[in-house]
Structures are given as structure tokens and as C-alpha cells.
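J.: Listed below are the residues making up each chain.
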Amino acid sequence: MNKEFSVVGTKVIREDGVDKVTGHAKFADDYKFDGMLHSVMLRISEAHAKINSIDFSEIENNQSLFSIITSADIPGAKKVGMIKNDQPIFCDEKVVTPGDVLAMLVGESEYELRTLLKKIKVDYTPLPILNDPKKSLDKDAILIHPETGTNLICHHPLRKGDLEKGFAESDDILEQTYTTQLIEHGYIEPEAVIAIPLGSSQGVKVIGSIQNPFTTRRFVANVLDLPLSKVRIVQAHLGGSFGGKDDTMCVLSARAAVAAMKTNRPVKIRYTREESILESYKRHPYILNYKIGYAKNGKIKAMKIDILADGGAYVSMSPFVTWRTVVQATGPYEIENVHTDVRAVYTNNPYTGAMRGFGSPQPIFAQESLMDEIAARLHITPDEIRRINGLKVGSITATGQTLKDHEVNLVRVLDVACGNTDFITKWKKNKNEKTHIAALDFKSPVLKESQFIKPGNLIKKGIGLAVSFRGCSLGAEGVDAASAYLSIQNDGSVYLDCGLAENGQGLRTTYSIIASEVLGITTDKIIYLELDTGITSDGGPTVASRGTIMGGGAVKKAAEILLERLEKFVKDEFKLGEDDFVSFRENLVFSRRKGLISKFPEVCKLAFLKGVSLASIGWYKSPNVHWDEKFGQGDAYFTYVYGCQVAEVSVNIATGEVYIDKVTAVHDPGKVINRLGAEGQVYGGVTQGAGYGIFEEVTTDKGFIRELNFDTYTIPTSKDIDEIKPIFIEGKDSYGPWGGKSLGEPTLELTAAAISNAVSNALGKRFFNLPLNLEEVLLSKKLRPADTKRGSLL
Amino acid sequence: MIEIKFILNKKHVSAKIESNIRLIDLLRDKFNLTGTKEGCGVGECGACTVLMNGRAVNSCLVLAAQADESDIVTIEGISNGDVLNPLQKNFLSHGAVQCGFCTPGMVLSASALLDQNPNPSEEEIKESIAGNLCRCTGYKQIIDAVKETAKELNQK
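Going line by line, the protein sequences match chains A and B.
Heads up: the first sequence at position 419 corresponds to 419 in the numbering used here, and the numbers run straight through without jumps.
Heads up: the second sequence at position 36 corresponds to 36 in the numbering used here, and the numbers run straight through without jumps.
To be clear, the hints were calculated from the coordinates, so they are not data collected in a lab.
All residues carry an ideal CB built from backbone N, CA and C; glycine is no exception.
Don't take each hint at face value.
[Claimed, not checked] Here are the computed lysine to any residue pairs in the SDA-like style, where the Cα-Cα straight-line distance is at most 20 Å: (1) A/Lys599 - A/Gly611; (2) B/Lys30 - A/Lys599; (3) B/Lys11 - A/Lys599; (4) B/Lys5 - A/Glu112; (5) A/Lys26 - B/Lys11; (6) B/Lys30 - A/Gly611.
[Said to hold, decoys possible] Among chain A residues calculated to face chain B with C-beta under 8 Å, some are: (7) Phe5; (8) Ser6; (9) Val7; (10) Gly9; (11) Ile13; (12) Gly684; (13) Asp711.
Looking at chain A on its own, in the form it has when it is part of the complex (with noise of 0.2 Å):
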């Protein structure tokens, strides 16, 4: 493929930029419309009650409240979720996490129905909690949920080949435990919606900081018993989403929809920062048990796996968070004996779902931090191991698929990241360099003078590396389509949508660019529409980093079909003869033998004139994938793509603190469309997988989050992390357009292992726990404060 691109993989901005940077840009709270409503929501102080009874006699007549929205006033499902209806809207018999909702309350001021709260009374049955998920299928263990009989959330088996075989042909065998930690997407606009009722020939519109409108849609038009085409979703500017902006949404969307239908005014749900933390779902903490057996010459021969994924209260997305981990969970090796199981279970802790990643980060700790500790153990390099056992053409994966139709550029990330760095150097020279942090005796807690640490050595120099291979979108969780509406005017400018969502990421720029790429037009001459679930055709969700392979390809079909009638028409009317060959440049038309003939915006006209239609759908489905749950065989993605990220760190011996000095990130996205987008996907995920590294952590006492705002759950500051390099190896696919594929969560799923291994080099001991904090450094536990119950709101 030798096409040469005059838009794709240059630095275009952003169609929505001017409107960001002015501040005119409407988000979902941003929105007011006459009489609306405001709203507070009810909840107790409890992880687990069983509730008697509520009594809202001493507000029922007070002048602040309008209505008060309980279970109820519901007309269709009382629960709802993504994959599993286990999720209340409103909680008026049991509460499962200390998020629930149990009531809500509206009214003209929101600061006034707050002070109405604390005079409903709640009679309620605490029940014993249960936090800890190594426990939730014991016998006995309290069931969370106990309809379903068991707290067990799925179970995803695999096996390949000959495990026992595979172990006998070892010449060692190493077992590791590892866990990772709840984190928050700490996106920076809390959630905000505003129902608004239609009347009952049209039923009621919603505009909400909402990831995904058409998965919004369903879950609302269930909750009202309405037809899908009476729920129009629209989607204000999403402040930030990182997954974390769809279950949450969706029950929020729903509750506003109620109240909405209820009182016949528009009503707004804006959360606090503490009850977005509070009520949101989180990533997975895991517990991973990895057993490796391997050669003397480095060779793996078999990988016994097995993973606990806490799902806290609800399934919401467990069971195809834990699909990708069982598919992904060897890393990006060729192994001929495998045996995998993955669970997800409930717990009463805050639930966990979607996030950035979806089950990756996770396992890539376990697996890259085992592959240096086999490495050391064969005193060779952590390149060298990767490259033993690493992914090519043709491999099989654990789950028998083998890859082929694209380039497996595993092994080339990994040179060129090598290369980039001196990678080999650094880390034998930081190997070398001894050091030992003074084992701390908390009994004489008084350091001997030989623990004494020089000032010239309390910093200490590492470097580590992670690869991964990642599948590119749903792959079998389910049927995976797009569609794309494109419309040219008479004038020649354009109006592009996608049933894909933007999300900040950028995908509406990537759209734009496809479309002018195809229709040899400049940027400007489109404007992207914004996404109304009651004009734009459903295109499944912005999810699994599927927005340029799949929203990409779909574009790409609207704009190539609305060429080639363009393509025909011109040579018709400009009587061009049938040899002769017609090009859109830069809003000009050419033809190879006349050169110059017309103008974009001419030919446009002309069309219109002559009754040509200028509008077109595109529609993009992923070939076929397929799974066999008994067994975990299958080809599980249709593509994948491969990364490799090295870290340079910075430890202090004495205090713990690891400071990011460099994070180089190779990646193969296929084509890169969005160039300037593409470098912000890097730089952005880089940085949330060093918050995921190194500090953040949501922690819970009974279930109850210790850390609901910014000043207690750290993210990175611009102060936290030096330098970040991106470098993408382009290779080509035959899916996507131009071969144009994954990148957002690839970016992020690497860095936290890649700076373990750092650490791990700086300091010549290995880690096992996320996330990689003072103390874990320094002491290799964490320090958990005793304290009780902060966390809760009333």
C-alpha cells in the first residue's frame, strides 16, 4: 500500500478545539432549561442492611420539596445492568455497597433538599459485610445477592494442551501471588444529567455526561416501559469518561427519566465529587496465582493460572472484564500448556466494571514482573526472555488462535524500544550498583551506623520494561458493528456522524479526517453533528478502543460510497471519457487527462441540481470471532496489536519515593489517522498507568471509600512524571481503515509493570503488590490507617 495521505497522520486540530478553549464548549451541567428541578439522593450509612421501613412524613409537606422519587414510581424494571438486571434504581429493600440509592428527593434548590435528608427516617437491619472476596465462596459466606444462590459473579475456564507434561519438561517451576488495587477513573467532571418529558407522543429526552447514549437508552427505556424511539439520548461534551461513565449514567439517566415523567418538569441529577466517588463504579482489584514452568534455555513450558477479580456489589461489565484478562492473562507468549480460571465474585465493597484497560493492567503486572524474575533467574537479559517465548507470526495463542492477516510486530516494539533506551547498558549498570534499604527492626527501631545511608547514595537509578499484545475491540464478548451518517450539501460542506460516542479522546477529529481523507476535502468543510440516539443509528459503545478500527472503518465506507457516485457523476457531466480516471484534492476535482475541471462545492451543486443523493450510511462489521466457554478456545479478537514501554525511574532509599524520570512507549496502532490525538493517548494513558503504579488507591474500611475527593485519592499532577516518548511502529492489517487500529488503552495497560520492573532493578528486590507506594517500597507492605468509618456522606 503505497497511497500517499494528504490529511491522515498529520497534526489536525481538534473540530470541537475552539469551542474547549473559549469555554463555550456546553457540558452536561452547563445545561438549564425553564422550571427545571434539582435533586438529592437518600442513602445510609451502611454497607449491607436489610431496610424496614422509610418515613418521609416529617418533609412530605415542606415547601422545598416537589416530589420525592422512590421505587415506587417506577412503571418498568426495578433493576437493570449491563450484562446481569441486579442493579436497583432505587435500593428501598436491601442496600449491598455503601453507594446505593434509596430514595431521591426534588425541588427547586438543591441546597435546600439536602437539609431535608436528614429528616427522613430509615429503619433498617445491618447485615454482616463481607469485604474480603477470598472469602465469598465459603460455605458459609454471607450471599450478597441471594436470588442468584451463589456469590458467584463467572467463572472463565481455559485450557491447552498438557499441563502436567508441560511442568514434567521444566527444569524449574516458579509460583508467584500478586494482587492490584481499586482504583477510581477520577475523570474531572463529575456525572450530571437533565431528563426532560416530551409529552406522551414522544416520551423524554435525556442530555448527560453519557458514554455511551444507546446503552443509556436501553437501560432508561427499560426502567420507563417505553419503546426505545421515545427515549432520545443526547450526549453533552463528555468531561472525561476512561469507561467510568456508562453503568453509573445509566442508573442516573434512568432516576432523572423518573422524576421527569413523574412531575413533568425537567429534572437535573449533578453529583458532588464525593458522591461520584462514592456511588461510581471502579477497576477490579485482582488476587493472581501464576505457576511457570520453564527450560534452562528459557523457554516456557507451561503457565497454571489462576485469578479472583473482586466484583464488588453488582456484575455491571465483570464477566467480559474477566473474558479479556482469561484471553490475555500469558502475556504475549507462545505457550503449549495452559490452564486458566478467572472469577469475579461479589462482595459488598463499591462495584467494579469498566474501566481504561479492562482487565489488562492487572494481569500484565503479574505476567511481566514473572518474566524478569525468570530472566534473573537464568542470568540473562529481560529482552532476551521476551524474545524466547514472544509472539510472531504464526504463533498460537493460549486459546489456539493463531496469528495471522496482520503483522505481529511484538519482538519490533521491543528492539526499538531497547534500542531507543540503551536499555541493555542502564539495566546491567543499575543492577550492578548494590544497594540494600535497611531492613527497619520496629523493636529497636534505633539505626546502627553501618544502616546509615550517604547522602551522595539515596538516590537510586532503575529501568524496567513491559510488552503486551492486546485485542482490538468486543471481540467475542458479542455481534460488532458501526455505522456512520454522512451528508454532503449543496454548497460542499459536510455533516458527519458516528454512532460512536466521543468521549475526549478525540474520535470526532479522527472521523473528520477519514471523511476528508476519502473525500479530498479540508477539514473545515465538515462539521460533526453532535450524537442524538434519535437521529444517529446505533453503533455500539465507545468501548475497547474500538473507536478508530470500527467507527473508523464505517466512516470510512459512508464517505467511499458518496465518492464513487461523485466519481461517476462528474465523469458524466464533464464527459470525461471512460479510460479517464477522476480525483478530489483539497476541494478541487481533477481529471487525470484535463487536469483541473471544478471545485469541490461545484460539483456538489451540480449533483444536487441533477437529483444525485449526497447522503449515505456506512456500515462496518468485524469478520467473525468465536468461543468455546467450556475449554477458553478460540479466535477470540479478529486483530491485535502489540506494545512495549519502558521505564526510568528515580528511588529515594530513604523515604520510598519513586519518581518517573522517562516512560519511552512503543506502540503498534496500525495507521496512526490522528496524529496529534494519537501522541494525547500516549502521553494521557502513560500518565494514569503511573497513578496506577506508583500512588493511587482507593481503600475501603467495611466497604466504605476512606478517599471521596481529590485531596485524599492523588492523580498525577503535572509535577509527577519528566519526560514521556511515544513512538508508534505503524503495521499494517487488513482491518480498520488504512489498517488504523487500537491505541487508548494499550498506552495505559503497560506502565505500571514497566515501573515495578524499574523499581525492582534500582533496588534488586521484586514486588508483588500495586500499588508501588512509599511503604511498599521502603517496607514491602502497605500501612493501612485503623481508623473507621470516613467515607460516609451523612
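For chain A, the structure is supplied; the task is to place chain B on it using the hints.
T.: For chain B alone, kept in the frame of chain A given last:
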């Protein structure tokens, strides 16, 4: 209710307000300047940053009454009509905007820096926006945009 008078985006304005409302509420609810965003309400995220007498402040931590007799600039007042401020232009050309929720606060913090220190070092730029959280960009393209703006201003 108290009456306050102040300069808002170069115009003299007045408002009758309750004494307990915050500057962010005044700007968003009474003046409809919704470019000022609320992300945390406790002065940690910086999304509500505005300029108060030339200094970047968290408008969620300032009482509206404190705006009396002051000069307030919000994101809506930083450009010259339709002509973008050089910082806004460079934010766009450097890809410093993703979801855009932190952007108004970021631009105003950087603007306060460049007003006081036209030739900042990279460390000074990082320090000036350290109170503005961004979850999308990893800050790199924002820092580059501020650096480039300083360079342009010094060439003039």
C-alpha cells in the same frame, strides 16, 4: 442579600447576592459564565480557576462577596472577541485539549503565570499548573503549548 460591584471580563457589573454563595456559583448561575467548571469543590482540581486581580484563584474557595471591588477574568473574557488569545491558539495546535473540562482553568493558570513571568522555565510552567488536574493529556502537550506561547510573546 448584599450588593457587590466588580469588573467582570472588562465590564463593570453589579449583583445582589446571598452572603454564603461562592464566586463559582455567582459566575455560573447569575452571569451564565459556564466555562468555569466545578470538579471537586474543595480547591484540589483547579477546574474552577479564574483570574482575580491578575492572580489565578479557585473560584470554589472564594466567597462571591469577596469579589466586591475586584477585577475578575473568566475563560470567556480571555480572548479578544473572536480572536483567540495566543495561549488558546497554542493549546489547539499542540493537542493540549482532550475532553476539555480542565482546559479553561489550565488556560487561566498559564495566563496568570505568563503575566507575571514572561519567560518561565519548564519547572515554573509545571509549578503554575500543578494545581490544575488533567486526567486526559498527561500534561505534556499543555506544557509545550505554554512554552511556545512564552517564546512567541518574547519574540514580539
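J.: State for each hint whether it applies.
T.: Comparing the hints with the structure gives:
no. : hint                : result
1   : A/Lys599 - A/Gly611 : holds (19 Å)
2   : B/Lys30 - A/Lys599  : violated (48 Å)
3   : B/Lys11 - A/Lys599  : violated (46 Å)
4   : B/Lys5 - A/Glu112   : violated (27 Å)
5   : A/Lys26 - B/Lys11   : violated (23 Å)
6   : B/Lys30 - A/Gly611  : violated (50 Å)
7   : Phe5                : violated (18 Å)
8   : Ser6                : violated (19 Å)
9   : Val7                : violated (15 Å)
10  : Gly9                : violated (14 Å)
11  : Ile13               : holds (5 Å)
12  : Gly684              : holds (5 Å)
13  : Asp711              : holds (5 Å)
Hint compliance for this structure: hints 2, 3, 4, 5, 6, 7, 8, 9, 10 are broken, all remaining hints hold.
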